[in-house]
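J.: Taking the hints into account, I'd like the entire structure generated from these sequences.
Be aware that the sequence shown starts at 382, since it is given in the working numbering, and climbs by one per residue.
Please keep in mind that the hints were generated in silico from the structure rather than gathered at the bench. One should not assume that every hint holds.
Derived DMTMM-like pairs: lysine to aspartate or glutamate, alpha-carbon spacing no greater than 25 Å straight-line [stated by the list, open to error]:
| id | residue 1 | residue 2 |
| --- | --- | --- |
| 1 | Lys490 | Asp634 |
| 2 | Lys418 | Glu482 |
| 3 | Lys502 | Asp477 |
| 4 | Lys513 | Asp634 |
| 5 | Lys513 | Asp604 |
| 6 | Lys645 | Asp548 |
| 7 | Lys502 | Asp548 |
| 8 | Lys538 | Asp634 |
| 9 | Lys490 | Glu465 |
| 10 | Lys418 | Glu498 |
| 11 | Lys490 | Asp477 |
| 12 | Lys490 | Glu512 |
| 13 | Lys511 | Asp604 |
| 14 | Lys511 | Asp495 |
| 15 | Lys489 | Glu465 |
| 16 | Lys468 | Glu417 |
| 17 | Lys478 | Glu417 |
| 18 | Lys513 | Glu498 |
| 19 | Lys502 | Asp469 |
| 20 | Lys546 | Asp469 |
| 21 | Lys468 | Glu482 |
| 22 | Lys502 | Glu417 |
| 23 | Lys601 | Glu512 |
| 24 | Lys513 | Asp730 |
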Amino acid sequence: MAAYILRRLLLIIPTLLGIMTINFFIVQTSPGGPVEKMIMQMQGNSASALDRVTGNNQSEVIQSNEKDSLDTSGYKASSGLAPELIKDIEILYGFDKPIWERYFIMLKKYIMFDFGESFFKNSTVIDLIKEKLPVSISLGIWSTLLIYMVSIPLGIKKALKHGSKFDIYSSTIVIIGTAIPGFLFAILLVILFAGGNYYDWFPLRGLVSENFSELNSFEKILDYFWHLALPITAMVIGGFATLTMLTKNSFLDEISKQYVITAKAKGLTQSQVLYRHVFRNAMLIIISGFPAAFISMFFSSSLLIEIIFSLDGLGLLGFEATIYRDYPVMFATLYVFTLMGLVVSLISDLAYTWIDPRINFEKV
Numbered sequence: 382m383a384a385y386i387l388r389r390l391l392l393i394i395p396t397l398l399g400i401m402t403i404n405f406f407i408v409q410t411s412p413g414g415p416v417e418k419m420i421m422q423m424q425g426n427s428a429s430a431l432d433r434v435t436g437n438n439q440s441e442v443i444q445s446n447e448k449d450s451l452d453t454s455g456y457k458a459s460s461g462l463a464p465e466l467i468k469d470i471e472i473l474y475g476f477d478k479p480i481w482e483r484y485f486i487m488l489k490k491y492i493m494f495d496f497g498e499s500f501f502k503n504s505t506v507i508d509l510i511k512e513k514l515p516v517s518i519s520l521g522i523w524s525t526l527l528i529y530m531v532s533i534p535l536g537i538k539k540a541l542k543h544g545s546k547f548d549i550y551s552s553t554i555v556i557i558g559t560a561i562p563g564f565l566f567a568i569l570l571v572i573l574f575a576g577g578n579y580y581d582w583f584p585l586r587g588l589v590s591e592n593f594s595e596l597n598s599f600e601k602i603l604d605y606f607w608h609l610a611l612p613i614t615a616m617v618i619g620g621f622a623t624l625t626m627l628t629k630n631s632f633l634d635e636i637s638k639q640y641v642i643t644a645k646a647k648g649l650t651q652s653q654v655l656y657r658h659v660f661r662n663a664m665l666i667i668i669s670g671f672p673a674a675f676i677s678m679f680f681s682s683s684l685l686i687e688i689i690f691s692l693d694g695l696g697l698l699g700f701e702a703t704i705y706r707d708y709p710v711m712f713a714t715l716y717v718f719t720l721m722g723l724v725v726s727l728i729s730d731l732a733y734t735w736i737d738p739r740i741n742f743e744k745v
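T.: Written out as C-alpha cells, the structure is:
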C-alpha cells in the first residue's frame, strides 16, 4: 500500500502540470486579456487606471499626448493611446515577456506556492484565498457531510422497502428536489425566511454577525450555523436527491445478486447480509463519485449560493477573476482546486480498501 500511495503522490505532479499547462496556453492566447481590459478602462477616461500604470498623477499629460497617436500595438481597443503607454501596461501585467517565459515563471512560483498579486485587487492572491477560504470550507464541508449522512441511510432504506408507500412518497420528494435548481430554491428560502415577503428569521449577509467577537463560545457556534442554515439547505437539496437515488439503485443491484441469496440460505440475518456483504460492494460506486462531488461543492455549486446569500467565498472569487481577466487569481484557484481534487481522489481510493479489504492496490 505504501508503494501505491507513493506512486499516486508522484502522479499528482504530471497531472497537475498537464492541467495547468493546457489552461495556461488556452487562457493566455484568448482575446480580451488584462491588457485589453485596462485599455478599455483608459478609453473610458479612467484617471485612476492611468495613474496606476504611470505611477503618478500625470493622467492629463498622457491623455493629451494620446490624441494624435496611431494604433500600432495590435490591440483592438488601443486606438488613440500612445504606444509608450501600451508598453507600460504590458510591463505592468508581465505581457512584455514572451508566453513561454511567462509560463515557466508561473511554474517556478507555483512550486513554492507563490501566486503573486491580483491584477485588479490591491492584495496578494494568497491573502485573497485565505480571506475567502472560510466561507468555501464552511459551505463545502457541511453540505457534503449532510448530503452523505442523510442520503446513504435513506437510499438503503428505500432499497429495502422498494415498491412500498415509503419508497413511492420519498421518491416523489427526491424527484422534486432534483427538479428544483439550487439557486431557485435559495431564492425561495430568502423570500420565505430571510426578510423577503414573509419571515425574517435568518440573516442574509455574511458568515457571522458583526458582534461575533463579543459572543461566548456557545453563542459563536449558534451564530455561525444560524448564518449557514439557509445556504447549506439550498446546496444540499440537489445533491441529496441525486445521491439518494444512486445509493438505492446500487443497493438494489447488489441485493438481487446470487451471493445474497446464498448468504440468506446459510442462515444469516438481513442485517448481517446487508452490512457484511452488500454494504461494502454497493458503496464502491458511491465512494468513486466523492472527489467530484466534494470539489463541486467548493466551487461550481457554491457560486450562485454565495451571490444570493452575499457570502464572499472562493467560488465568487474565481468567477470575478474570470470576468475581469485576473489571471493570477484564475490560475491560483485552478491550481488549488486541482491539487485538492487529486488529493481527495487518493483518499477515496484508500477508502476502497477500508470498505472492501479484498481490493488490493499493490497490483495496480
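J.: Can the restraint linking Lys418 and Glu482 be considered satisfied, given a maximum Cα separation of 25 Å?
T.: It holds: about 22 Å lies between the C-alpha atoms, which stays within 25 Å.
J.: Please verify whether Lys513 and Asp730 have alpha carbons no more than 25 Å apart.
T.: violated, 29 Å
J.: Against the 25 Å threshold, does the CA-CA distance of Lys502 and Glu417 hold or violate the hint?
T.: Cα-Cα ~17 Å, so holds.
J.: Please work out if Lys468 and Glu417 have their alpha carbons no farther apart than 25 Å.
T.: OK: Lys468 and Glu417 at ~12 Å, within 25 Å.
J.: Is it true that the CA of Lys490 sits at most 25 Å from the CA of Asp634?
T.: At roughly 49 Å apart (the allowed maximum being 25 Å), Asp634 and Lys490 break the hint.
J.: Sort out whether Glu482 lies within 25 Å of Lys468, counting only the CA atoms.
T.: Holds. Lys468 to Glu482 sits at ~17 Å (cutoff 25 Å).
J.: Below or equal to 25 Å on CA atoms is what counts here, so check Lys489 against Glu465.
T.: violated, 30 Å
J.: Within 25 Å, alpha carbon to alpha carbon, are Lys538 and Asp634?
T.: Between Lys538 and Asp634 the Cα gap is close to 14 Å, so the pair holds against 25 Å.
J.: Holds or violated: are the alpha carbons of Lys418 and Glu498 at most 25 Å from each other?
T.: holds, 17 Å
J.: Starting from Lys546, check that the Cα of Asp469 is at most 25 Å away, please.
T.: Distance of about 71 Å is beyond 25 Å: violated.
J.: Holds or violated: are the alpha carbons of Lys511 and Asp604 at most 25 Å from each other?
T.: Holds: Lys511 and Asp604 sit about 21 Å apart, inside 25 Å.
J.: Can the restraint linking Lys478 and Glu417 be considered satisfied, given a maximum Cα separation of 25 Å?
T.: Distance ~16 Å between Lys478 and Glu417 Cα, so the pair holds.
Checked against the numbered hints listed earlier, the structure breaks hints 1, 4, 7, 9, 15, 20 and 24; every other hint is satisfied.
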